[in-house]
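Given the coordinates of chain A, work out where chain B should sit on it, guided by the hints.
Listed below are the residues making up each chain.
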Amino acid sequence: MTSTTHSTTRRFPHRTRALWAVLVAAALVVAGVGLTARATDGTSAAWTNDVHTTTDVTLGTWVDGFGTCVVRNVADDAIVPGVPCKITDIKEQNVWGFPGGMTLQGHAYFEAPGIAYGHYIAFDFTIPPPSDSRWSWANASVVSANNTAAIYSGCDELPRVVGRLAPNIGAVPEVFLVLHDTRVEDALCQ
Amino acid sequence: MTTHPNRRRRLALPALLGLGVVAGFGLVTTSAAWTDDAVFTVQASAGHVDLRGSADGSTYTTADDVGTAVRLDPIVDLTPDEPAVRTVHLWNAGSVPVNLTWSSTNPTSLLDGCVDVTYSTLEPALQPGQTPVGAAVTTATVTFTVADDADAATCSGRSVSDVIVVVQGSTS
Chain A
-19 MTSTTHSTTR RFPHRTRALW AVLVAAALVV AGVGLTARAT DGTSAAWTND
31 VHTTTDVTLG TWVDGFGTCV VRNVADDAIV PGVPCKITDI KEQNVWGFPG
81 GMTLQGHAYF EAPGIAYGHY IAFDFTIPPP SDSRWSWANA SVVSANNTAA
131 IYSGCDELPR VVGRLAPNIG AVPEVFLVLH DTRVEDALCQ
Chain B
2 MTTHPNRRRR LALPALLGLG VVAGFGLVTT SAAWTDDAVF TVQASAGHVD
52 LRGSADGSTY TTADDVGTAV RLDPIVDLTP DEPAVRTVHL WNAGSVPVNL
102 TWSSTNPTSL LDGCVDVTYS TLEPALQPGQ TPVGAAVTTA TVTFTVADDA
152 DAATCSGRSV SDVIVVVQGS TS
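Note that the protein sequences, when read in sequence, are chains A and B.
Going by the numbering used here, the first sequence opens with residue -19, and the numbers climb by one from there.
Going by the numbering used here, the second sequence opens with residue 2, and the numbers climb by one from there.
Chain A with its partners taken away, still in its complex shape (with noise of 0.2 angstroms):
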């Protein structure tokens, strides 16, 4: 009797202390990942630097499309079937002088894969407004055009520009032009 008496009161503080000791443990536990998370957090925060930029962005001034080509029998002046033709390009290389006195440069580009020996490139495209905002198209006529290209629009029509490139020049042909902002005698166009 006595000794399970003895045995009960001395078992309560051993698992007093055992509660203790897991709880303990428990917290060391706890405060070891918070430690951790807390260190990463702090972290990410301070190791970013950022570099800032700026510009300022202007366009340009430019038409939708350039207008057709068509690929064309030189013997017939038919539509050649199955060959296609794009204007990739119309690029203004310079203009200058004064109004009643300014020149107009430029390039139209040709791309047409399959054309042959005996065919030929036709064009109808918009020349685009030149950078010179003083040049005007009231009385421009077309001055001189490379590769022996004909022009079959009238002067009254420019910007609009319609003729034909000379045939066997190959399949990215390009036609340069050169145009006054006054109308010209022997001016290519009508």
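It is worth saying that the hints were derived from the structure and are not from the lab.
Nothing here was measured: the structure is a model prediction, and the numbers come from that model.
No residue lacks a Cβ here, since even glycine has one placed at the ideal position from N, Cα and C.
Misleading hints may appear alongside valid ones.
[Stated by the list, open to error] One-sided excerpt, in silico: chain A residues whose CB lies under 8 angstroms from chain B:
no. : residue
1   : 30
2   : 31
3   : 37
4   : 38
5   : 39
6   : 40
7   : 73
8   : 74
9   : 83
10  : 97
11  : 140
12  : 156
[Said to hold, decoys possible] What follows is a set of in silico ranges between Cβ atoms, one per label pair, in the way DEER data are often shown:
no. : chain 1 : residue 1 : chain 2 : residue 2 : range
13  : A       : 74        : B       : 49        : 47 to 55 angstroms
14  : B       : 121       : A       : 48        : 36 to 44 angstroms
15  : B       : 69        : A       : 163       : 52 to 60 angstroms
16  : A       : 48        : B       : 139       : 40 to 48 angstroms
[Stated by the list, open to error] Reference listing, derived: stretches of chain B covered by chain A, where coverage requires no fewer than 3 residues with Cβ under 8 angstroms from a Cβ of chain A:
no. : stretch
17  : 50 to 62
18  : 65 to 75
19  : 99 to 111
20  : 123 to 131
21  : 143 to 157
Showing chain B alone in chain A's frame:
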């Protein structure tokens, strides 16, 4: 020879405490091993991150905000046939390697869709250097292109000022 039950219980307490300590530090160690940032932070606590920018590759500034931004050459007369590219030179003037990324706030389109903005691939880890040479510098480019579906009537001649582009340097 037989262990007394009370003695076994007395041994259990320090053993359990020791286990808790080991488990606690064990978890910290494990966490650190799985997360490079945490380990790195402790080792580099005396270091610093300092990413700088330049328009010409010779004069670098901190460019930490919009007010001190590196001004790149303006883009003029942008037309569909010719994109414009602007280059920013970057120097890691800090003491630790940094990973470079474009800010998610950078524009990918300007002027109501008239202009597309694209960005080059950035250096994965730019090494630190006391002078802007060698592995401590790199370049990044921004390309401005008239959008394929940009309408000439609505887009021609338009402009926008102070387009902000940010490169982020980070140790993570």
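Hint check results:
Given the 8 angstroms rule on beta carbons, the hint for residue 30(A) holds: about 5 angstroms separates it from the nearest Cβ of chain B. A cut of 8 angstroms between beta carbons decides the hint on residue 31(A): the least distance to chain B is about 4 angstroms, and the hint holds. Nearest Cβ of chain B to the Cβ of residue 37(A): about 5 angstroms, under the 8 angstroms cut. The hint holds. Interface restraint check: residue 38(A) against chain B, minimum CB-CB distance 4 angstroms, threshold 8 angstroms, status holds.
This hint holds: residue 39(A) has a C-beta 5 angstroms from the nearest C-beta of chain B, less than the 8 angstroms allowed. For residue 40(A), the suggested interface contact is upheld, since its CB lies about 4 angstroms from the closest CB of chain B, less than 8 angstroms. Annotation: interface hint on residue 73(A) violated; nearest CB of chain B at approximately 13 angstroms, more than 8 angstroms. Hint status for residue 74(A): violated, given a least beta-carbon distance of 14 angstroms to chain B, over 8 angstroms.
The closest approach between the C-beta of residue 83(A) and any C-beta of chain B is roughly 20 angstroms, which is over the 8 angstroms cut-off, so the hint fails. With 8 angstroms as the threshold, the beta carbon of residue 97(A) stays out of range of chain B, its nearest partner Cβ sitting at about 31 angstroms, so the hint is violated. Interface restraint check: residue 140(A) against chain B, minimum CB-CB distance 16 angstroms, threshold 8 angstroms, status violated. The restraint placing residue 156(A) at the interface with chain B is violated, with a minimum CB-CB distance near 17 angstroms, outside the 8 angstroms limit.
About 53 angstroms separates the C-beta atoms of residue 74(A) and residue 49(B), a value consistent with the hinted range of 47 to 55 angstroms. At about 37 angstroms, the beta-carbon gap between residue 121(B) and residue 48(A) stays in the expected band of 36 to 44 angstroms. A hinted range of 52 to 60 angstroms holds for the C-beta pair residue 69(B) and residue 163(A), which are about 57 angstroms apart. Checked against the hint of 40 to 48 angstroms, the pair residue 48(A) and residue 139(B) passes, with Cβ atoms roughly 47 angstroms apart.
For the stretch 50 to 62 of chain B, the assignment as covered by chain A holds, since 6 residues bring a beta-carbon within under 8 angstroms of that chain's beta-carbons and 3 suffice. Counting residues of the stretch 65 to 75 of chain B whose C-beta sits closer than 8 angstroms to any C-beta of chain A gives 10, which meets the bar of three, so the coverage hint holds. With 3 residues bearing a CB less than 8 angstroms from a CB of chain A, the stretch 99 to 111 of chain B meets the requirement of three and the coverage assertion stands. Given a C-beta distance limit of less than 8 angstroms, the hint that chain A covers the stretch 123 to 131 of chain B is violated, as 0 residues qualify and 3 are needed.
Under a criterion of three residues with beta carbons nearer than 8 angstroms to beta carbons of chain A, the stated coverage of the stretch 143 to 157 of chain B is upheld, 8 such residues being counted.
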